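Visitor: Sequence:
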Amino acid sequence: MADPVVAQKAPFGVEVEEGKSYWWCACGLSKEQPFCDGSHKGTGIEPSKYSAEKSGTVYFCGCKNTKDVPVCDGTHAKL
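First residue of the sequence shown: 1, per our numbering; consecutive thereafter.
Don't read these hints as lab results, they were simulated from the structure.
Hints should not be assumed to be uniformly reliable.
Heads up, simulated EDC-like pairs for lysine to aspartate or glutamate below, C-alpha to C-alpha not over 20 Å straight-line [unchecked claim]:
#1 Lys-20 - Glu-53
#2 Lys-49 - Glu-17
#3 Lys-20 - Asp-37
Taking CB as the label site, the calculated pair distances span [said to hold, decoys possible]:
#4 Glu-53 - Ala-2: 31 to 39 Å
#5 Glu-15 - Asp-68: 31 to 39 Å
#6 Ser-55 - Glu-32: 17 to 25 Å
#7 Glu-15 - Gly-38: 17 to 25 Å
#8 Lys-9 - Glu-32: 15 to 23 Å
#9 Ser-55 - Ala-2: 31 to 39 Å
#10 Lys-9 - Thr-57: 33 to 41 Å
#11 Met-1 - Glu-32: 23 to 31 Å
#12 Ser-48 - Lys-9: 18 to 26 Å
#13 Gly-44 - Glu-17: 14 to 22 Å
Here the structure is a predicted model, which is why all the values come from computation and not from measurement.
We put the CB at the ideal spot given by N, CA and C, even for glycine.
From just these sequences and the hints, can you work out the full model?
Guide: Structure follows, in structure tokens:
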């Protein structure tokens, strides 16, 4: 699998907690979007760790094509 699957053409707004780590799904196959559930195994695409520096809403990329991994950079608007 060379390219990730677009999970949705919009970001996922998620409340994160300061000091916690989250594993963002980079392949687009996870049933637990925007987070990894292990579905990437065998795809050659690995999840990305996000460590929350403060509590609040983070907009994780849903199209899996962001250049600012793992947060949305607006790339979905060009797909």
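Visitor: Mind checking the hinted window 17 to 25 Å against the Cβ distance between Glu-15 and Gly-38?
Guide: 23 Å, holds
Visitor: For the range 33 to 41 Å, tell me whether the beta carbons of Lys-9 and Thr-57 fit it or not.
Guide: 19 Å, violated
Visitor: Evaluate the given range 15 to 23 Å for the C-beta pair formed by Lys-9 and Glu-32.
Guide: 19 Å, holds
Visitor: Take a look at whether the Cβ-Cβ distance between Glu-15 and Asp-68 falls inside 31 to 39 Å.
Guide: With Cβ atoms ~19 Å apart, the hint is violated.
Visitor: Tell me if the straight-line CA distance from Lys-20 to Glu-53 falls inside 20 Å.
Guide: 8 Å, holds
Visitor: Against the range 14 to 22 Å, how does the distance between the Cβ atoms of Gly-44 and Glu-17 compare: consistent or not?
Guide: 31 Å, violated
Visitor: CB of Ser-55 to CB of Ala-2, is that within 31 to 39 Å?
Guide: The hinted range 31 to 39 Å holds for Ser-55 and Ala-2, with Cβ atoms some 36 Å apart.
Visitor: If you check the beta carbons of Ser-55 and Glu-32, does the distance land in 17 to 25 Å?
Guide: Holds: the Cβ-Cβ distance is about 21 Å, inside 17 to 25 Å.
Visitor: Hint says 31 to 39 Å; check whether the CB-CB distance for Glu-53 and Ala-2 agrees.
Guide: Since the Cβ atoms of Glu-53 and Ala-2 sit about 32 Å apart, the hinted range of 31 to 39 Å holds.
Visitor: Just tell me: holds or violated, for the beta carbon distance of Met-1 and Glu-32 against 23 to 31 Å?
Guide: Since Met-1 and Glu-32 have Cβ atoms about 18 Å apart, the given range 23 to 31 Å is violated.
Visitor: Does the alpha-carbon distance linking Lys-20 and Asp-37 stay inside the 20 Å limit?
Guide: Satisfied, since the Cα-Cα distance of roughly 17 Å is no more than 20 Å.
Visitor: So does Ser-48 sit 18 to 26 Å from Lys-9, Cβ to Cβ?
Guide: 19 Å, holds
Of the hints listed earlier, those the structure fails to meet are numbers 5, 10, 11 and 13, in rising order.
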